[in-house]
Every structure is written in C-alpha cells, then in structure tokens.
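Given the coordinates of chain A, work out where chain B with the ligand should sit on it, guided by the hints.
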Amino acid sequence: MIFKGKVWKFGDNIDTDAIIPARYLTTSDPQQLAAHCMEDADPDFITKMKTGDIILGGKNFGCGSSREHAPISIKAAGISCVIAKSFARIFYRNSFNMGLPIFESRELVDAIKEGEEITVDSVRGTITLTGADKTFEINSIPPFMEELINDGGLMKHIAKKRDNNEKKYI
Amino acid sequence: MGNTITEKILMAHTNLKNISAGQLINARVDISLGNDVTAPIAIKEFYKAGGKKVFNKNKIALVLDHFTPNKDINSAQQCKAVREFAQKHKITHFYEGGSVGIEHALLPEQGIVVPGDLVIGADSHTCTYGALGAFATGVGSTDLAAAILTGELWFKVPSSIKFVIYEKLQKWVSGKDLILYIIGRIGVDGALYQAMEFTGETIGKLSMADRFSMANMAIEAGAKNGIFAPDKITSEYVKKRAMRNYNFYYSDNDAVYSDTIEINAAKIEPQVAFPHLPSNVKGISKSGRVKIDQSLIGSCTNGRIEDLRVAAKILKNRRASSNVRLIIVPATPEIYRQALKEGLIDTFMKANAIISPPSCGACLGGHLGILAEGERAVATTNRNFVGRMGHVRSEVYLAGPAVAAASAVLGRIASPEEL
Ligand code: SF4
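Top to bottom, those sequences are chains A and B. Letter 45 of the first sequence, counting from 1, is numbered 45 in the numbering used here, and no numbers are missing. Letter 327 of the second sequence, counting from 1, is numbered 327 in the numbering used here, and no numbers are missing.
Everything labelled a hint here was simulated from the structure, so no lab data went into it. It is possible that some hints are incorrect.
Derived SDA-like pairs (lysine to any residue); straight-line CA-CA distance at most 20 Å [unchecked claim]:
hint : chain 1 : residue 1 : chain 2 : residue 2
1    : B       : Lys156    : A       : Ile149
2    : A       : Lys160    : B       : Lys48
3    : A       : Lys168    : B       : Ile19
4    : B       : Lys48     : A       : Thr51
5    : A       : Lys168    : B       : Arg28
6    : A       : Lys156    : B       : Lys48
7    : B       : Lys48     : A       : Arg162
8    : B       : Lys156    : B       : Arg318
9    : B       : Lys156    : A       : Ile141
Cβ pair distances, simulated, as ranges [to be verified]:
hint : chain 1 : residue 1 : chain 2 : residue 2 : range
10   : A       : Gly131    : B       : Asn323    : 55 to 61 Å
11   : B       : Asp231    : A       : Arg124    : 48 to 54 Å
12   : A       : Gly78     : B       : Arg393    : 26 to 32 Å
13   : B       : Asp254    : A       : Gly125    : 21 to 27 Å
14   : A       : Thr47     : B       : Pro357    : 36 to 42 Å
15   : B       : Asn323    : A       : Gly78     : 42 to 48 Å
16   : B       : Asn56     : A       : Gly125    : 49 to 55 Å
17   : A       : Lys6      : B       : Glu201    : 36 to 42 Å
18   : B       : Glu84     : A       : Lys6      : 39 to 45 Å
19   : A       : Thr135    : B       : Gln87     : 53 to 59 Å
20   : A       : Thr135    : B       : Gln23     : 40 to 46 Å
21   : B       : Gly22     : A       : Met1      : 24 to 30 Å
Ideal Cβ positions, reconstructed from N, Cα and C, are used throughout, including at glycine.
In isolation and in its complexed conformation, chain A is listed as follows:
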C-alpha cells in the first residue's frame, strides 16, 4: 500500500488520554470519537488536519489504556497511517487488529519536520520525503502481522480461516 500525506508531529509518550480523553468514552461511535482526536495533545488538531495526513510520534506512542477508541478515532478522523519511533504494545496490537496502518522508523521521525510531505510504501518498506532525495527504511513486521493487515484486521482474518476450515489462525 502507498500512503502519501502531510506530516503532523508529536513528541514522546503520547498516551491514550491525549489521543482520546476518557471523558469521551461514553460512546464508541467512530465519528464522535474522531471529533476529539488528539484533543488533549493539540486542541486544534482536528480542524487543521486533512484526510490522508500522517501522524508522526516519538517513543512509546499510544501508551496508557487499552482503549481501542484511540486507533479508531485516528482512523475515523482520516489519518492514513501513524509512524513512530516505537509504539506501546496494546496500541500496537490494536492497530493491527482493527486495520490502522502503523510503522516504526527511528531515523525518519528525527529527520522530518512538521508540515513536510512523505510517501510511505509499505510493500517496499520505504518512506520518502517529497522533493528531496531521502529514503528511510521501515522496521519489518512478522508475516502473521502482514497477513492481518492484508485481511483487514483480526476478525476478518479469523473469519477467513474458519471459512477455509483451518483450525488455527496463526
């Protein structure tokens, strides 16, 4: 898959309370959650961003709660993918399970400035900066995780395996 978009940059340890504050968790409606995406990190984020834009995070992006509302709000807001130096583990599995593309790349996050445009090529495993001759590598992911993304998330993956009468889904 190819993702091309403008970058919004955030720091280290962006937690799930910053991505979607608990006060909005009385609903799981994606559109309502999207309206408050990243609100406690940047209150204007949702009005500034455009569909297809990309979020860049530092270390430990998505730490804190297990709330899947976090990747749901990011996806429903129209963010195409998230790139960070590292992800907190529940956010990491949530994203694969529900189909939000995420990538780890340590050098890229330091090298790119907010507002710049990048192209992510998930098949070739590269990210390029528009207008510059710079390419960065994405950390590779295990084949099972790739299968999850290609199938559109964990539940679709399980359903597919069941249709094929395969006992195990991994």
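Below, chain B with the ligand without anything else, positioned relative to chain A:
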C-alpha cells in the same frame, strides 16, 4: 536452557513443546475480561464477524465499573448493550449494580482468576493478576472479541526482566512505593513488550495487596505483564477463593532474562510521581510544598482493605484540610462491607471524607470527582497523564495510601511522619 514462569504459563496454554522469547503463538485463554467502555466495541466486532455463540460462557467476565453508577444517557446505553449480551449468552461472571467492584480487585477476590491462568482483558491493568502467578495482559476490544469467539488469542512471547528486591522496607513504604520507584528508574517504556518478574526476599514478605499494586503498574513501564512466583502467601489468599483448580509455575534456575535489576528496598522512602508521567518520581523528602485540592484513595491499584486500613490509621482522630476534598473508594462491595465492620468508614466520615461507591469514575476522569482547571490531586491511582482526572490543566500526583491520607490532612503533599 530453562524457561521463565511467563514462558511456562504461555506454553502450558498451547500444544508446543518449547517456546522462546519473540515467538508468535496462539494460546488458549482461561478468562477474557471486558468492561462498560471496552466490551461494547468487542460485542459489535463479535457480531460483525458472524459470531452466534460465545466459546465458553464460564470463561468470560463482564464488569460494568467505569462509568457506573451510570453517569449519563450514553454510558447507560453502553451498559445496556453489555447487559443484553451477558443475558443472551448467559455469561457466568457478569457484574453490575450492587455486586460490581473495580474489575482488577474483583476478579481475584471472587476467585475468578487463579494462579497459572492465562488471562486477557480489554483493559490495560489486567496485568494486575500477575500477582497470583498468572499470565495476565491487557489487550484491545478486537482481541476480546476474538477470544470470546474462539477461546484463543495470538501472543508474542515476551522476554523477561528480573527484578531482585532485597532488604526490609522502611515504615510507610508499600508495594506502591516500590513500583513507583522502579518505574522512575527504568522509565515508562523501560520494559516495553517485556515481562517484569519480581523476585527477592522483600517480595517474599509482601502481602497480596502489595503484590497486586505492583503487578497493576507493570503496564506503566510499558510491560506486557508483571509476575510473581506463587508462595505460601499466594496459597493462603487463593485457597479460600478459587472457583477452579489452579497451578503453580516457577522460573527455572537457568531461565534466560534480558536484564536483571537489583534493588535495595531499605533505601527507598515513600514515593510520589509528579505530573504528567508515572516515571516522574521523587522521594517524599524531595517533593517540596505542593498544595492540593483533592486526595483520592482507591482504584484497582490501592482500593483494597489493606490500603484503607493504612489510610484509616493516619486519618483516625484527624480531619481532612478544609481546602481538600478527600474521596475514598472501596474497590469492591466486599471491601466496603469489611471497612464498615472494622469501623474504617466511620473514621473516614469523621475525617470529612466522601465515600464513593466502588467505581472507576474518578480515576479515569469519568465522573465522581473531576478536577477543575488548575486543580491538583494526590491519588493512589496509577496514571497521571495530562487530563487524566479532569481538565487538561489539572495535575495528578501518584502516591501510596499513606502519603495520600497525610496529604489530605495537611493540604499539601506530605509524609505521614509530618503529622
Ligand atoms: S480504577 Fe482506574 S486504572 Fe483501574 S480499571 Fe478503573 S479506570 Fe482503570
């Protein structure tokens, strides 16, 4: 080469003969937990995937503890959706209303999770049950949907960090202070994707309540799970509660660890985590004069009877400062009743405390104790992120029950020694 307790429990839930860190596995789940925030999404996913029957109605726990007693119409709708699911599928462990407690205090107390279990929960503090010598980890709602449909889930086997804790704890120092100290030392991603295994002579003497507080906060260091080898104290706790048979697992002497960290517990004073990260930790003597508006004693970290006893010892014949709202949350109905019996609730009320029903409400900034702009709270909870307990410009200081109680009396962050 031997295995860690974490690896052994995971392996026992597969048909594999050996497993090692980094491996992706599919494992059988003993208990899958959801609450009123995370279960509604899981239920939607369950039906969307064509789910008709749950894998096993005895292996699911649904606990309506977050926005309850129902905060507003939206939260009432969420609870209703979970209730209807629980009734339709005859879920054995469904808790709401007067039987509800904060999930991570409730499940061990009721003997629903036991040593040797593999437990997943759509709540990050599911790692609490590691105190029992179980493998327990927080996952997302889609994971929960998969587990209640198939009884299994995918895992990456974590490597383990071994913590060896020795020497006697100082007065007023609890498991909470130990774990805050550890997170301060290794950072909020210091154990990312890994297991934290707590060992050493100090650990062997800790009560179950202290062990639960420690395992509870493993996630605040980024860990997948926190775990304690079961011992006599574990046995005493589970034998009168367990609903099922249980198994004790132990790490082999030649198990492989990614790191070993030794800690002299005698050198640790009560700890406080300053805003806005659980790793932003200082000893109480270095905390300065921080005025507070609220003190919250409760949550899945420190809402157990042992915590309330510590608070009551300090609050006995004293009153909370007139500038401080002191909120006390017994974590479960059983704890509430025990606190009543022991006269703790009376002590608290005489100290001008608000007694909250068992609920997550204030801990996550949901309801029952929200902070206004510029307000500060000391809390025995586990997270102090920006906006965690209310306004984005409010502040949360994490501490154990002793410091939270003393601070309530003095109106500023304080050590019990100052009283
Ligand atoms: S008490 Fe707080 S940390 Fe514990 S489960 Fe409830 S909201 Fe989460």
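Which numbered conditions among the earlier hints are violated in the structure presented, ordered from lowest to highest?
4, 8, 13, 16, 17, 20
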